[in-house]
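Peer 1: Whole structure, please, built from the sequences with the hints as guidance.
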Amino acid sequence: MTTRAPSAGAQTPDVVQGPQGVPTVPGAVPVGGRPDPRPMSRRGEILYFALRTKKVIIGLTIIAVFLVLALIGPIIRPGDPDALIGPLGASPSADWWFGTTSFGQDIFAQFVYSLGSTFLVGALGGGIAAIIGMTVGFVAGYRGGWIDEVLNMITNVVLVIPTLALLLVAAAYLSARGVVVEALFIGFTSWPWAARAIRAQTFSLRSREFVNLARMSGVKGLRIVFGEIAPNMSSYLFLTFILLFGGAILIAATLDFIGLGPTSGSSLGLMMYDAVAWSALQLGLWWWFIPPGVAITAIVGALYITNVGLDEVFNPKLRNT
Amino acid sequence: MRRYFGRKLLIYAATFFIAATIDWLIPRFMPGDPVQSLVSRTGFGLSPEGSQALVTYYNNLFGLNHPIWEQYINFWASLLHGDLGRSVYLTGRPVTSVIMSAVPYTLALLIPAVLLSWWVGNTIGARAARRRLLDNVVLPVGYVLTATPYMWLAIVLAWVFGFILNIFPISGGYSYSLEPTLTWKFIGSLFSHWVLPFASLFLVGLGGWAIGMRNMIIYELEADYSRYLEALGAPSRLVRKYAFRNAMLPQITGLALSLGVVVAGALVTEIVFSYPGLGKLLLASIQNEDFFLLQGIFLFIILGVLIANFIVDIAYVIVDPRTRVAMSGAEE
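If you read the sequences in order, they're chains F and Y. Every letter in the first sequence is one number past the one before it in the working numbering, and letter 183, counting from 1, is 183. To convert a position in the second sequence, counted from 1, into the working numbering, add 321.
Calculated directly from the structure, the hints in this document are not laboratory data. Quick reminder that beta carbons are idealized off the backbone N, C-alpha and C, glycines included. One or more hints might be untrue.
[As the list claims (entries may be wrong)] Take a look, some chain F residues computed to stay more than 12 angstroms from chain Y by CB distance:
id, residue
1, Arg77
2, Pro87
3, Ser93
4, Gly116
5, Thr135
6, Glu209
7, Val219
[What the hints assert, rightly or not] Footprint (simulated), chain F over chain Y, 3 or more residues, beta carbon under 8 angstroms:
id, region
8, 472–478
9, 612–625
Peer 2: Here it is, written out as structure tokens:
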């Protein structure tokens, strides 16, 4: 079931850690590691359990609420979210649901527009990181040998470099940055732990019978990886993507907060940056800095909880605990 | 033993080399010319000839008139002498001394916050793993804490304890009315300014460690050796002790992996509280486009994280007897 047997793993500790020390998915490779002969029924089973796992329901509901808000928000409040249209520093009311900034900007409008860019950064940054992590992990784990050594070295180097500091330096020199550029930066620096995790999984699947069988029947390397190995850890890959998604949102918030986020448009981190920069704290304008933080915490927290819930769904052994 | 640490040191040396090279490359290959922007900021009102002279002057000063490979060698030469150039924004003070005056504040936040949140989080997590009631509290709180952006928790703490309750100051490293002296009053002021930034770093870290430890303990208690011990009739205290020891190892590895994130968290937390550490300096260097200072701070962070990683490696060897055995076995 697992690659986490207690072993003298000082050089390649095989326990996978997510961002901020949250250990990721313990039992990843499906038991037996055999391709399921009835994919439809397996999908049905997953859906069946997913809709009955409380964590998944709670997590997905929270994410869905914010996603809907991000989609319909710009319709409710059309126009420029940064326009100076309201009273100065008004507290939340029926007219201004989240109040206004000390310049008279509608915080609700800023909020819903920012949600969109948050999801975009998460999906794009997390997606890029997942693709790089998978590529590196698959190649290193399947090929082994000197390719593995080299890739391992690169992974270790990127892992040790405080990538956020690197992002800061890089972003500081780019005068015009969009959400997409930010997502690219994040994607290119946050893949190492995913690569490590996927490498370990690939490594343990590589010598299973069905992979050997495929190899003996003359299937080429790439086809084995994508036809035999990847499908058997698809749940694991999905969970990795969820964690990378959440991580990318947090990194983006940090970047925005230092003033290195998108130079145009709005984001949740930028809202907090503005709030602190224009003394919302000293003026007691709590409605300025509370909503963006609540949204980030709720979205990322919901992603983590969904992750744990889905782990139970994918992994029958965990279901009753 | 020597081989193991030799290998580790090699990776760290390579990392530092690559990081420093990236640090050197970025300003030279990014769009835009730092010197031009510097001149356009400082030299307004100059005639075209005057600003051209200024550009030449800065190019000479920063050594940008040499061929690119020579610049790279010069960069390493001065780096090894501890010379990181001069800060433009702080009117020519050496970058190294500017950074050195900020580092103690950052370390005073980071070291206690990292170690305490790790220790307390692991303790809580281990307890939660065997008490349902506690678990029901720890798990949701833990998830919320890990999902919280560092600066937001800092803002909320500053708002609640600084603005509403007015218990702690929310700005600066010590009271602006005091001079740094070695008196109780000054130390008290230092402490009260330290509490909130420390608390926000500590709390965000706590959740992740507690959840990690909880999951790990549950996993270890299901492992064969635990079941075997139970079957033999060992007291559950003993079984838990073994489980805790095994669960500790991944947490130590996790400590090393989380360092980069925590450092970033410390930087933004300092910005919220205007705490006079590296984070505040970093913000100032970004806002003033002080690229030498920015590069210097980056190199310092890299160096700090690498050293911390190495310490964690040593700790791992001390804690896990199997690595020691494996290592002495590996030596011919």
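Peer 1: Indicate, hint by hint, whether the structure satisfies it.
Peer 2: Status of the hints after comparison with the structure:
1. Arg77: holds (23 angstroms)
2. Pro87: At roughly 22 angstroms from the nearest Cβ of chain Y, F:Pro87 sits farther out than 12 angstroms, so the non-interface label holds.
3. Ser93: holds (20 angstroms)
4. Gly116: Holds, since 18 angstroms exceeds 12 angstroms.
5. Thr135: Its Cβ never comes within 12 angstroms of chain Y, the nearest being 20 angstroms, so this holds.
6. Glu209: It holds; F:Glu209 is separated from chain Y by about 24 angstroms at its closest Cβ, greater than 12 angstroms.
7. Val219: holds (35 angstroms)
8. 472–478: The restraint on the region 472–478 of chain Y holds, since 5 of its residues have a Cβ under 8 angstroms from chain F and three suffice.
9. 612–625: Holds, because 7 residues of the region 612–625 of chain Y bring their Cβ atoms closer than 8 angstroms to Cβ atoms of chain F.
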